[in-house]
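> Go ahead and model the full structure; you've got the sequences and the hints to work with.
Going down the list, the sequences are from chains A and B. Counting in this note's numbering, the first sequence runs from 850 upward without gaps. Counting in this note's numbering, the second sequence runs from 39 upward without gaps.
One or more of the hints may lead you astray.
[Stated by the list, open to error] SDA-like cross-link-like pairs, simulated, lysine to any residue; straight-line CA separation at most 20 Å:
no., chain 1, residue 1, chain 2, residue 2
1, A, Lys-879, B, Ala-50
2, A, Lys-879, A, Ala-901
3, A, Lys-879, B, Asp-111
4, A, Lys-879, B, Ile-105
5, B, Lys-122, B, Arg-106
6, A, Lys-936, B, Phe-54
7, A, Lys-936, B, Ile-47
8, A, Lys-936, B, Leu-44
9, A, Lys-936, B, His-45
10, A, Lys-879, B, Met-110
11, A, Lys-936, A, Gly-873
12, A, Lys-879, A, Leu-932
If you're looking for bench data, these hints aren't it; they were derived computationally from the structure.
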Amino acid sequence: MSLGDSASALGKVEHTGSAKHGGGHWLNEKVLSAGLLLLGVWFIASLVMLPALNQRTVVQWLRDPTGAIPMALFVVASFRHALDGMKTVVDDYVVDEGNRFALNTFFFFIAVGGGALALFALARIAFGAQG
Amino acid sequence: MLVSILHRITGAGLSFLGLAMLTWWLLAAAGSAEDYTLFTDVVTQWFGRVVLIGLTWAFFQHLLSGIRHLVMDTGQGFELGVNKASAILTIIGSLLLTAALWAFLLGVVK
Numbered sequence: 850m851s852l853g854d855s856a857s858a859l860g861k862v863e864h865t866g867s868a869k870h871g872g873g874h875w876l877n878e879k880v881l882s883a884g885l886l887l888l889g890v891w892f893i894a895s896l897v898m899l900p901a902l903n904q905r906t907v908v909q910w911l912r913d914p915t916g917a918i919p920m921a922l923f924v925v926a927s928f929r930h931a932l933d934g935m936k937t938v939v940d941d942y943v944v945d946e947g948n949r950f951a952l953n954t955f956f957f958f959i960a961v962g963g964g965a966l967a968l969f970a971l972a973r974i975a976f977g978a979q980g
Numbered sequence: 039m040l041v042s043i044l045h046r047i048t049g050a051g052l053s054f055l056g057l058a059m060l061t062w063w064l065l066a067a068a069g070s071a072e073d074y075t076l077f078t079d080v081v082t083q084w085f086g087r088v089v090l091i092g093l094t095w096a097f098f099q100h101l102l103s104g105i106r107h108l109v110m111d112t113g114q115g116f117e118l119g120v121n122k123a124s125a126i127l128t129i130i131g132s133l134l135l136t137a138a139l140w141a142f143l144l145g146v147v148k
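What follows is the structure, given as structure tokens:
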């Protein structure tokens, strides 16, 4: 099925609508999804390839930049993607505008707070506060 | 239809339970030996195993149906036969990947 003639489907909707940037927002979410796809595969593959999953091994892994940096990206991308996804679900199913705003705001705080907590834990490991 | 709903349900499950477990695991690893032992004690109990196996299934299901959505975003795969086959493949694929991962993790396959 072909959606485009001369311009792509995205190109046709970019800068349309009241906000003028909905198409870009859509593309950002897709790029983030694709990035998270790679990071998710990296995460599972890493767990499988680690010789053990005890604290010593995990800390050693996350102290190395090759573990810490992708893990930081995985944490940020996951929380952001979860926030995008939950906003889609809330916007689709919560009819009342006040409830929708309240729930989206609540999820925003949880995502930011949770992401910060996970990053703090990772930083603590990576910068070796624990021996 | 089913796969679309599964994408949302697994997404919500991963968002809350999945990210909570990931954060707890990182905090436990950053903490004392007792902190980490508490985490491993819980996830090796039967209910902990059920949660982790459920989360890995949700992860693979969401990942595969996510790939399917990304392909469909390019305008492909909307033909009835292809669409249905790809939906069924995500379900079979997620079950196989979950089984393979846990067979490996539980030391059935080394």
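> Next step is simple, just say for each hint if it's right about the structure.
Verification of the supplied hints:
1. For a cut-off of 20 Å, the pair hint linking Lys-879 (chain A) to Ala-50 (chain B) stands: about 18 Å separates their Cα positions.
2. For the proposed pair Lys-879 (chain A) and Ala-901 (chain A), the alpha carbon gap of about 34 Å is over 20 Å, so the pair is violated.
3. For the given pair, Lys-879 (chain A) sits about 9 Å from Asp-111 (chain B) by alpha-carbon distance, which is consistent with the 20 Å threshold.
4. Note on Lys-879 (chain A) and Ile-105 (chain B): the hinted pairing holds, with a Cα-Cα distance of about 10 Å set against a maximum of 20 Å.
5. For the hint pairing Lys-122 (chain B) with Arg-106 (chain B), the CA-to-CA distance comes to about 11 Å; that is within 20 Å, so the pair holds.
6. Distance hint between Lys-936 (chain A) and Phe-54 (chain B) is fulfilled; the C-alpha atoms sit about 13 Å from each other, no more than 20 Å.
7. Taking the CA atoms of Lys-936 (chain A) and Ile-47 (chain B), the gap is near 14 Å; set against the 20 Å cutoff, the hint holds.
8. Annotation: proposed proximity of Lys-936 (chain A) to Leu-44 (chain B) holds, straight-line Cα distance about 17 Å (limit 20 Å).
9. Under the criterion of a C-alpha separation no larger than 20 Å, the hint pairing Lys-936 (chain A) with His-45 (chain B) is consistent with the structure, at around 14 Å.
10. Between Lys-879 (chain A) and Met-110 (chain B), the direct Cα distance comes to roughly 12 Å. Compliance with the 20 Å bound is thereby established for this hinted pair.
11. At roughly 17 Å between alpha-carbon atoms, Lys-936 (chain A) and Gly-873 (chain A) fall within 20 Å of each other, so this suggested pair holds.
12. At roughly 14 Å between alpha-carbon atoms, Lys-879 (chain A) and Leu-932 (chain A) fall within 20 Å of each other, so this suggested pair holds.
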